[in-house]
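Undergrad: Sequence:
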Amino acid sequence: VAFVSSVSSYTFAANRDNHSPSKLIYNLLDAAARGDVSQLEMILSTGVKTDECDHSGRTALHLACAEGRVEVVQYLLKYGSAFDVRDKCGREPLHEAVQNGHAHVVSVLVEAGAVLSPEARADYEEKMRRYAYDGNITGLRCLIRGGISPLSQDYLGMSALRIAGYSGNHEVEQYLLTTGFDLDRSGQIGDPSAGTKGRISNNTPPCRTDWRNK
Numbered sequence: 049v050a051f052v053s054s055v056s057s058y059t060f061a062a063n064r065d066n067h068s069p070s071k072l073i074y075n076l077l078d079a080a081a082r083g084d085v086s087q088l089e090m091i092l093s094t095g096v097k098t099d100e101c102d103h104s105g106r107t108a109l110h111l112a113c114a115e116g117r118v119e120v121v122q123y124l125l126k127y128g129s130a131f132d133v134r135d136k137c138g139r140e141p142l143h144e145a146v147q148n149g150h151a152h153v154v155s156v157l158v159e160a161g162a163v164l165s166p167e168a169r170a171d172y173e174e175k176m177r178r179y180a181y182d183g184n185i186t187g188l189r190c191l192i193r194g195g196i197s198p199l200s201q202d203y204l205g206m207s208a209l210r211i212a213g214y215s216g217n218h219e220v221e222q223y224l225l226t227t228g229f230d231l232d233r234s235g236q237i238g239d240p241s242a243g244t245k246g247r248i249s250n251n252t253p254p255c256r257t258d259w260r261n262k
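Basically the working numbering = 1-based index in the sequence shown + 48.
It is possible that part of the hints are untrue.
[Stated by the list, open to error] The following label-pair restraints were derived from C-beta to C-beta distances:
#1 90 / 219: 43 to 51 Å
#2 127 / 70: 30 to 38 Å
#3 166 / 70: 16 to 24 Å
#4 189 / 138: 19 to 27 Å
#5 227 / 203: 19 to 27 Å
#6 222 / 134: 35 to 43 Å
In short, the hints are calculated from the structure, not lab data. Ideal Cβ placement from N, Cα and C applies to all residues, glycine included.
With the sequences and hints as input, model every part of the structure.
TA: The structure is reproduced here in structure tokens:
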């Protein structure tokens, strides 16, 4: 179920316990989505838990991350809100922040210890290659802050860095070269014959679709 940015038109239905959320829980989720820290403080002072959720299993932190509410995210994390809770679609708060392009929120979550699930990483590695082809530096920056490597390769051995070079997106290529990843300077960038040299230690799954067809 997609998040509706206009919180005034969003209806919180039954939560994961199949009960309609109380008015306080509704207000908690609504305040998080709107970025109202003062309202959050007042509601939480009544004893409402930060990890109460809506019908899709999304907590206040999920909604704040989806809307890019940095101050709310910082407040909820300080208050003890869990950053590893998955909604009914398997999405964690970090997924929401990355999906919606909120790089500053991504940084806050990563600093707190949040990591993307393996399933999300596979999707975002594919998206990174598309961003490199399209020249979308803003999108790339958000993915990199989320821990996605520009050196992860698809089944053709193509990485975001290599795609940027082949596509003539030199600004993207130069940006990726400054991201701090351990690049293989001894050979061709993204050369699959280099094995794991210059790549993140974990093997990355093949992308499901060809980046050129996106």
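Undergrad: May I ask you to test the hint 35 to 43 Å on the CB atoms belonging to residue 222 and residue 134?
TA: 37 Å, holds
Undergrad: Look at the Cβ atoms of residue 166 and residue 70 and judge whether their distance stays inside 16 to 24 Å.
TA: Violated, at about 35 Å.
Undergrad: Measuring from beta carbon to beta carbon, are residue 127 and residue 70 in 30 to 38 Å?
TA: For residue 70 against residue 127, whose Cβ atoms are near 19 Å apart, the range 30 to 38 Å is violated.
Undergrad: The hint says 43 to 51 Å between residue 90 and residue 219; measuring C-beta to C-beta, is that right?
TA: For residue 219 against residue 90, whose Cβ atoms are near 46 Å apart, the range 43 to 51 Å holds.
Undergrad: That 19 to 27 Å hint for residue 189 and residue 138 (C-beta), does it hold up?
TA: Holds - the Cβ-Cβ distance for residue 189 and residue 138, about 25 Å, lies within 19 to 27 Å.
Undergrad: For residue 227 and residue 203, compare the CB-CB distance with the range 19 to 27 Å and indicate the outcome.
TA: Roughly 23 Å apart at Cβ, these two residues keep to the hinted range, so it holds.
Checked against the numbered hints given earlier, the structure breaks hints 2 and 3 and satisfies all the rest.
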